[in-house]
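Starting from the given sequences, assemble the full structure and let the hints guide the process.
In order, the protein sequences belong to chains A and B. Using the working numbering, the first residue of the first sequence is number 1, and each one after it goes up by one. Using the working numbering, the first residue of the second sequence is number 1, and each one after it goes up by one.
Worth flagging that the hints you see were computed from the coordinates, not collected in a lab. Keep in mind that the hints are not guaranteed to be accurate.
Identical copies carry no separate label here, and so any pair may be met within one copy or between two of them.
What the hints assert, rightly or not - Here are the simulated BS3-like cross-link-like pairs (lysine-lysine), alpha carbons at most 30 Å apart as the crow flies:
(1) Lys47 / Lys136
(2) Lys155 / Lys186
(3) Lys186 / Lys70
(4) Lys89 / Lys51
(5) Lys155 / Lys193
(6) Lys155 / Lys213
(7) Lys136 / Lys155
(8) Lys89 / Lys186
2 protein chains.
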Amino acid sequence: MQNSFTEENYLKIIHALSGREGLEVSTNALAESTSTRAASVTDMLRKLAEKGLIHYKKYQGVRLTESGEKVAINVIRKHRLWEVFLVEKLGFGWDEVHDIAEELEHIPSDHLVERLDSFLGHPRFDPHGDPIPDAKGNLTEPDYLILTDVEIGEKVRMMGVLDHAPSFLQHLDRAGITLGCTLEIKEINEYDKSASVQIEDKQTLFISLEVSKNLLVQRR
Amino acid sequence: MQNSFTEENYLKIIHALSGREGLEVSTNALAESTSTRAASVTDMLRKLAEKGLIHYKKYQGVRLTESGEKVAINVIRKHRLWEVFLVEKLGFGWDEVHDIAEELEHIPSDHLVERLDSFLGHPRFDPHGDPIPDAKGNLTEPDYLILTDVEIGEKVRMMGVLDHAPSFLQHLDRAGITLGCTLEIKEINEYDKSASVQIEDKQTLFISLEVSKNLLVQRR
DNA sequence: AAAAAAATTTAGATTAACCTAAAAATTGAT
DNA sequence: ATCAATTTTTAGGTTAATCTAAATTTTTTT
Numbered sequence: 001m002q003n004s005f006t007e008e009n010y011l012k013i014i015h016a017l018s019g020r021e022g023l024e025v026s027t028n029a030l031a032e033s034t035s036t037r038a039a040s041v042t043d044m045l046r047k048l049a050e051k052g053l054i055h056y057k058k059y060q061g062v063r064l065t066e067s068g069e070k071v072a073i074n075v076i077r078k079h080r081l082w083e084v085f086l087v088e089k090l091g092f093g094w095d096e097v098h099d100i101a102e103e104l105e106h107i108p109s110d111h112l113v114e115r116l117d118s119f120l121g122h123p124r125f126d127p128h129g130d131p132i133p134d135a136k137g138n139l140t141e142p143d144y145l146i147l148t149d150v151e152i153g154e155k156v157r158m159m160g161v162l163d164h165a166p167s168f169l170q171h172l173d174r175a176g177i178t179l180g181c182t183l184e185i186k187e188i189n190e191y192d193k194s195a196s197v198q199i200e201d202k203q204t205l206f207i208s209l210e211v212s213k214n215l216l217v218q219r220r
Numbered sequence: 001m002q003n004s005f006t007e008e009n010y011l012k013i014i015h016a017l018s019g020r021e022g023l024e025v026s027t028n029a030l031a032e033s034t035s036t037r038a039a040s041v042t043d044m045l046r047k048l049a050e051k052g053l054i055h056y057k058k059y060q061g062v063r064l065t066e067s068g069e070k071v072a073i074n075v076i077r078k079h080r081l082w083e084v085f086l087v088e089k090l091g092f093g094w095d096e097v098h099d100i101a102e103e104l105e106h107i108p109s110d111h112l113v114e115r116l117d118s119f120l121g122h123p124r125f126d127p128h129g130d131p132i133p134d135a136k137g138n139l140t141e142p143d144y145l146i147l148t149d150v151e152i153g154e155k156v157r158m159m160g161v162l163d164h165a166p167s168f169l170q171h172l173d174r175a176g177i178t179l180g181c182t183l184e185i186k187e188i189n190e191y192d193k194s195a196s197v198q199i200e201d202k203q204t205l206f207i208s209l210e211v212s213k214n215l216l217v218q219r220r
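Now the structure itself:
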């Protein structure tokens, strides 16, 4: 039996909310993320449990089963591969691709995904720096630092973002912060906790705490 | 308001069945093509009429309105562009792409279609020789001949197929008949009306009447 | 540990797209 | 032109995914 568009979205969201520890996800959190009401979530959870895709006991929250995890990771794989396609091949900006990939990720065809993956040269990361699961479903989240954890004077490489909102990504574009660029923390300003950051050994600018919290970087 | 996947399919099928003359399409013909029952078709026709996408009077069959035609042609455009992508970029065979394109054609995003079109180099024809409508919705069906209408001794170029069934396309592959190849009718065999056809000035083989009826060609 | 608050589930509806069976309209044959 | 056959529509139901409102369970506070 095939999973519906809607079922795949629930599984993907459960995966995201339960984190790498596979913690229980609450009905309300799911209602929030799916933009539905808690009662609707309960109905869907009953159905997913029936299909063996989640572990569910009333009032206890949910976790993915192995089989549910497999489905979720495959959806994530497809989403991220399509994002690479949209940016690398079609020339979209990284701020424009999320909604389209949200649709493309549900196109069913293993054959298609594998050919797309080859066509793209088996990319390891999507345009936001998120890792792309391999065909076997292995997904290893690299352990990047958040920019707020970097000391003054350190040089780091920009590796990803936590917030994928178009407005955030456009803000980074305007600041000249792109994936792979070099950042050096010059100082932390006491007044508003903003950071003075030098970008690519060129201009130095203020980065608000809000922004720093959403930048993933790597020491180098 | 947006049209659903299902609505788009009805419009596409009405377009196909009403032909270039825009003839009325019957409820039963639609039931057949959509693999549903006549009663379900009636329900949908009421809805499409409500939305101004078709002209519909009870018991009288349907025609597309201008706005319905526009939607149908856009779906066809997307279908054919995706087919080019699947064959030219991902390396699928022309016999493998129909079902996948059937899904991709419903991904909404004008931006996406236009970028895909550029990426593919604004192709005029899909992998089966069907013309691709332009961004403004102009669709001109070239008037090819059917192979059965070609005289003995004539040399023609293979331009398209009427039947898109994988088994038919695979049969052509095995015979070495591809889009653009040259065919010369050597003789028509009285016994079974099969044609002896020379392919690309190389081997000559028998082509059954069934096959000839589904080959579109052009004099040269 | 009882009461209040919050989270979750149940009950009962709604909508889109389908179904079957029966009724009505159209078409075709004598 | 009438009657039979065919086509189409109507009537009434079903399923997936949603909803609101009410009931229940869990959690938190005092």
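Hints, verified against the model:
1. Only within a single protomer do Lys47 and Lys136 lie at most 30 Å apart by alpha-carbon distance; the minimum there is 26 Å, versus 44 Å between protomers.
2. In this homomeric assembly, Lys155 and Lys186 come within 30 Å of each other (Cα to Cα) only inside a single copy, at 9 Å, whereas the closest approach across copies is 76 Å.
3. For a Cα distance limit of 30 Å, the shortest separation of Lys186 from Lys70 qualifies neither inside one copy, at 44 Å, nor across copies, at 57 Å.
4. Taking CA atoms no more than 30 Å apart as the test, Lys89 paired with Lys51 passes in neither setting, with 37 Å inside one copy and 36 Å between copies.
5. For the identical chains of this complex, Lys155 and Lys193 are intra-copy neighbours only, at 19 Å inside a copy versus 79 Å across copies, given an alpha-carbon limit of 30 Å.
6. With identical chains, the CA atoms of Lys155 and Lys213 are at most 30 Å apart within one copy only, with a shortest distance of 17 Å there and 70 Å across copies.
7. When the C-alpha separation of Lys136 and Lys155 is checked against a cutoff of 30 Å, the pair qualifies neither within a copy, at 35 Å, nor between copies, at 51 Å.
8. Proximity of Lys89 and Lys186 under a CA criterion of 30 Å is satisfied in neither setting, with 36 Å inside one chain copy and 46 Å between copies.
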